[in-house]
Amino acid sequence: MALLIYSIVYLAIIVFFFFVIRRIVSYLNNPIHVRWELYPVAHEGKRASYGGSYLEDVDWWTKPREKSKIGELKVMIPEILFLKAVWEYNRPLWYVTFPFHFGLYLVVAFIGLLGIGAVAQLAGITIGSGSALSSAVAALTNLFGPLGFILVIGGAIGLIYKRMTDPGLRKYTSAEHFFNLGLFIVTMGSASLTWLLVDPNFHFARTFIANLISFNMELIHSPLFNLQILLAAFTIAYIPITHMSHFFMKYFLYHDIRWGDEPNIGTPETDAKINIVLNYPVSWSASHIAGHGKTTWAEVATFNPVAEPEASTNKEKE
Amino acid sequence: MNKDLQINDVSKNTEKLATVKNEDLMPLPADFEEKAWADIPEETKGKYVCILDDVNILQIPIPKTVEEEEELVNKFINGMRKLFTKENNWTFLSMLETTMEHCAKCNTCSDSCHLYEATGGNEMYRPNYRTEIFRRIYKKYVKKEPFSRWRNGDIDLNWRTVARLGEMAYRCNICRRCAQTCPIGADNALVAREIRKIFSQELGITVPELHDKGSMMQLKTGSSTQMNKIVVRDNVEFIDEDFSEEFGYDFKTPWDVEGADILLIHNAGEIMAWPENIAAFSMIFQAAGISWTLSSDLAAYDSINYGVFYDDVQFARTAILQAQAAKKLGVKKIVLGECGHAHKALTVIADRVLPEGLKTPRESCFPLLRDIVMSGKIKFDPERNNFPVTLHDPCNVTRLMGIIKPQREIMHKLCPQFREMHPNGPHNYCCGGGSGYAIMSRNNIPEWRFKVTGRKKLEQILNAFSDSRGPEIPKYVCAPCSNCKGQLRDLFERYQLLEKEKLTYSGVVELIVNAMVDVKPGFIKWGEE
Ligand code: SF4
Ligand code: SF4
Chain A
9 MALLIYSIVY LAIIVFFFFV IRRIVSYLNN PIHVRWELYP VAHEGKRASY
59 GGSYLEDVDW WTKPREKSKI GELKVMIPEI LFLKAVWEYN RPLWYVTFPF
109 HFGLYLVVAF IGLLGIGAVA QLAGITIGSG SALSSAVAAL TNLFGPLGFI
159 LVIGGAIGLI YKRMTDPGLR KYTSAEHFFN LGLFIVTMGS ASLTWLLVDP
209 NFHFARTFIA NLISFNMELI HSPLFNLQIL LAAFTIAYIP ITHMSHFFMK
259 YFLYHDIRWG DEPNIGTPET DAKINIVLNY PVSWSASHIA GHGKTTWAEV
309 ATFNPVAEPE ASTNKEKE
Chain B
228 MNKDLQINDV SKNTEKLATV KNEDLMPLPA DFEEKAWADI PEETKGKYVC
278 ILDDVNILQI PIPKTVEEEE ELVNKFINGM RKLFTKENNW TFLSMLETTM
328 EHCAKCNTCS DSCHLYEATG GNEMYRPNYR TEIFRRIYKK YVKKEPFSRW
378 RNGDIDLNWR TVARLGEMAY RCNICRRCAQ TCPIGADNAL VAREIRKIFS
428 QELGITVPEL HDKGSMMQLK TGSSTQMNKI VVRDNVEFID EDFSEEFGYD
478 FKTPWDVEGA DILLIHNAGE IMAWPENIAA FSMIFQAAGI SWTLSSDLAA
528 YDSINYGVFY DDVQFARTAI LQAQAAKKLG VKKIVLGECG HAHKALTVIA
578 DRVLPEGLKT PRESCFPLLR DIVMSGKIKF DPERNNFPVT LHDPCNVTRL
628 MGIIKPQREI MHKLCPQFRE MHPNGPHNYC CGGGSGYAIM SRNNIPEWRF
678 KVTGRKKLEQ ILNAFSDSRG PEIPKYVCAP CSNCKGQLRD LFERYQLLEK
728 EKLTYSGVVE LIVNAMVDVK PGFIKWGEE
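Listed in order, the protein sequences are those of chains A and B. The first sequence maps to residues 9 to 326 in this note's numbering. The second sequence maps to residues 228 to 756 in this note's numbering.
Be careful, since some hints might not be right.
Every beta carbon over 10 Å from chain A, so not counted as near; a handful from chain B, in silico [claimed, not checked]: (1) Thr241; (2) Asp251; (3) Leu252; (4) Lys371; (5) Leu384; (6) Asp467; (7) Tyr476; (8) Phe478; (9) Arg544; (10) Ser591; (11) Lys604; (12) Pro615; (13) Leu689; (14) Ser693; (15) Glu699.
Distance ranges between label pairs, derived from CB positions [what the hints assert, rightly or not]: (16) Pro373(B) / Asn209(A): 40 to 46 Å; (17) Tyr259(A) / Pro373(B): 22 to 28 Å; (18) Glu277(A) / Thr271(B): 48 to 54 Å; (19) Thr70(A) / Trp482(B): 43 to 49 Å; (20) Pro254(B) / Leu19(A): 55 to 61 Å; (21) Lys239(B) / Pro231(A): 46 to 52 Å; (22) Glu755(B) / Thr173(A): 54 to 60 Å.
Cross-link-like lysine to aspartate or glutamate pairs, in silico, EDC-like; alpha carbons within 20 Å at most [claimed, not checked]: (23) Lys440(B) / Glu316(A); (24) Lys332(B) / Glu96(A); (25) Lys313(B) / Asp67(A); (26) Lys586(B) / Glu316(A); (27) Lys367(B) / Asp381(B); (28) Lys586(B) / Glu96(A).
In case anyone wonders, no lab produced these hints; they're calculated from the structure. Note that CB positions come from ideal geometry on N, CA and C, so glycine has one too.
With the hints as extra help, turn the sequences into a complete structure.
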């Protein structure tokens, strides 16, 4: 039994990382795309405040570019932590989606704290006694866990309610949405019950993680605790397979697309990438593309299907 | 009916999917009478699929047999398959895939759409509506995701679904205001454009104004206006003479000057419709002592690039011709005149399309104009512009390029009664002509541009002049983009804003020249005065 439970958890962690990495690698393996930035671009220094860009300068390619990482953080942190865009543009939804997401952040922090506690435990330190640091870890674990569970459950119930009752949202809601939210309610519900009935100081949880780290497959003798572990394992493995993978893919959507304003000036690596895509074969069937004996993007794009004699291109004078 | 519209209604055998009723339209801060929709002409109805709503834009031939119906579906799915390959769609694959995978279906983007708002929340205009149909088809028939019906919702794919989706791709201005509000970074505007691409690039089904009379005409004659190089030079010469005489300021527009610093590319539509814009650029550049030229090479005297709206191949072809012209002349840079989509096309999108030998730097005219105005080289009298002026931000220049301040600095210096409309800058609303509609006047398309796409802009303009309403005070909307001007021209005419509000529109350069001391007063006119 213990072997089965631990194996499932290891497997879940592997599946989680496998799908996260697969999504990221698949994105990174895509060819170069055209620029499609959308202002305000957060790293545009002082100009970001009004949505401006380096293109506001004459001869912009000769000017030093100001790229502010702080500017990006100033946008990303409120967006990730507080769901600023939903707050601004969809307030009724924010009241339920914010607790849900914030609750999840707390649960992630809670697992992190359990991890720290588990390592400490393996090093012979008992969490919650002794040093101030150890007490702080214990106190924060005890705060973040239950608060996270409650917020996730409340938020998920609110989201289900919204998705069922708001006629606009209802149409765009699939069975998977309800399943996902239900899964969070059940998982967090079992975690709450375990905390209330079996593991009030998360001693079992910390020990379980310590066992995971040290490959010590010792059974925790509580069916409720083990049920909670199995549900959590399933949830962890499941998230990156779904649209919820936006929690990490958002990085690329923002940095590579929305804020992807890097100009192709003095960038030989971009030229090399363009060279690759221009040699890709094109198989679109419409008559203005196909049927002229042109096969690559470079050939198709430099071919004028309706050129009148003497004016097919603007080539340099002989 | 329109609010209850379901995703799957798109596949049903009904006469129309949706309609916009006058009583649902967003109210305006003025009393304008709205008429019922004019019928789509029988001739159009007899030839093309007209089953979406009250308008027809995309010309999809009516399938006459079951085989033809199936063919339409199969070709569409084939196109969709290609759209998700790196070879055929390296240009936008990353954006498209992430939008397909990560949209949370939260509808946060809905209220940002001026079409959705103008129609009183008509479901068909919800930014995510067409995307959701597209996404369900993709997941079920192309990606073949396991449990797709359960995970994404089901869709019934038949010829009606395909035809309506194609037409629906032309119910969006591709202004990307919705994308700006998305917490995830998904982009419903992009999906509208990708659907247009399938129809154009795979099925060869296009909008005549954009393709045959647009990008193909530009490749054939050099300009969608059909002006060839001889005609365009004649016309500009005529403009030079005419305006030199009328305004007592002698100037000459230079052509094909090898080694000039700047190749200026106008939207050639200006030459026909707004010659004062061409003249104004020439007067300002001459007064500032700039080394510049126009090119009479194919496509290089017309900055338009309608491929931006519907076809990547046509886009690339046009951009390459323009870049080749710059290389041939050996100019230091290309400057784009007052045309928003041309700005974005050649400066931003072409940036990763043009190969190494064709990378002459490209920039907007607005920073250059700002520097000229601020340089002190030209004497101005701002009192000549002492009437209420507001600024319309072309989406392509502001939201998609971040060029916000230069044009405002000019306004603040030269227009004593300048006031913003709200919201503005990167958060502006599209004029309603975006993504090609400004040049469409077929059948009842203009009616749709007035009632639906241009409605929010009209509200914004009227609100910007709330302190100076009525025909007594002349007012000016500065709309520095040919497409936006086309839309405003038609909008103002429809609602008789010149007569009722003494409202006119034009660009930034006209305001600059109107304030130039060396030019006779009266460059800006209100109607036939
Ligand atoms: S595109 Fe963005 S804002 Fe719109 S429904 Fe999808 S996730 Fe929500
Ligand atoms: S791109 Fe503009 S017009 Fe199209 S759905 Fe988005 S907000 Fe509406």
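Now for the hints, and whether the structure bears them out:
1. The non-interface label for threonine 241(B) is consistent with chain A: the shortest C-beta to C-beta separation is roughly 17 Å, beyond 10 Å.
2. With a least CB separation of 15 Å from chain A, aspartate 251(B) remains clear of the 10 Å interface cut-off, as annotated.
3. For leucine 252(B), the condition that its CB be more than 10 Å from all CB atoms of chain A holds, with the nearest at approximately 19 Å.
4. Distance to chain A confirms lysine 371(B) as a non-interface residue, since its nearest Cβ pair spans about 15 Å, more than 10 Å.
5. Distance to chain A confirms leucine 384(B) as a non-interface residue, since its nearest Cβ pair spans about 17 Å, more than 10 Å.
6. The beta carbon of aspartate 467(B) sits about 24 Å from the closest Cβ of chain A, which is more than 10 Å, so the claim that it is off the interface holds.
7. With a least beta-carbon separation of about 24 Å from chain A, tyrosine 476(B) lies farther than 10 Å from that chain, consistent with its non-interface assignment.
8. Annotated as non-interface, phenylalanine 478(B) keeps its C-beta farther than 10 Å from every C-beta of chain A; the closest such distance is 22 Å.
9. A beta-carbon of chain A comes within 10 Å of the beta-carbon of arginine 544(B); the shortest separation is about 6 Å.
10. Against the 10 Å criterion, serine 591(B) falls within the reach of chain A, whose nearest CB is about 6 Å from its own CB.
11. Against chain A, the non-interface label of lysine 604(B) holds: every CB pair exceeds 10 Å, the least being about 14 Å.
12. A cut-off of 10 Å between C-beta atoms confirms that proline 615(B) is not in contact with chain A; the least separation is 23 Å.
13. No Cβ of chain A approaches the Cβ of leucine 689(B) within 10 Å, the least distance being about 24 Å, so the stated non-interface status holds.
14. In this structure serine 693(B) is separated from chain A by more than 10 Å, as the shortest Cβ-Cβ distance comes to about 24 Å.
15. Residue-level check passed: glutamate 699(B) sits 34 Å from the nearest beta carbon of chain A, beyond 10 Å.
16. A hinted range of 40 to 46 Å for the beta carbons of proline 373(B) and asparagine 209(A) is consistent with their spacing of about 42 Å.
17. The hinted window of 22 to 28 Å between tyrosine 259(A) and proline 373(B) holds, with their beta carbons roughly 27 Å apart.
18. Taking 48 to 54 Å as the suggested C-beta distance range, the pair glutamate 277(A) and threonine 271(B) conforms, at roughly 50 Å.
19. The hinted window of 43 to 49 Å between threonine 70(A) and tryptophan 482(B) is violated, with their beta carbons roughly 27 Å apart.
20. Between proline 254(B) and leucine 19(A), the C-beta spacing of about 59 Å keeps the proposed range 55 to 61 Å intact.
21. Roughly 51 Å separates the CB atoms of lysine 239(B) and proline 231(A), a value that falls within the hinted 46 to 52 Å.
22. As the Cβ distance of glutamate 755(B) to threonine 173(A) is approximately 57 Å, the hint placing it in 54 to 60 Å holds.
23. Taking the CA atoms of lysine 440(B) and glutamate 316(A), the gap is about 16 Å. The hint holds against a cut of 20 Å.
24. Using a Cα cut-off of 20 Å, the hinted pair lysine 332(B) and glutamate 96(A) holds, with the two alpha carbons roughly 17 Å apart.
25. Of the supplied pair hints, the one linking lysine 313(B) and aspartate 67(A) is violated, its CA atoms being roughly 34 Å apart against a limit of 20 Å.
26. A distance of roughly 26 Å separates the Cα atoms of lysine 586(B) and glutamate 316(A); the hinted pair therefore is violated under the 20 Å criterion.
27. For the hint pairing lysine 367(B) with aspartate 381(B), the CA-to-CA distance comes to about 8 Å; that is within 20 Å, so the pair holds.
28. A C-alpha spacing of about 40 Å is found between lysine 586(B) and glutamate 96(A), which places the hinted pair above 20 Å, so the restraint is violated.
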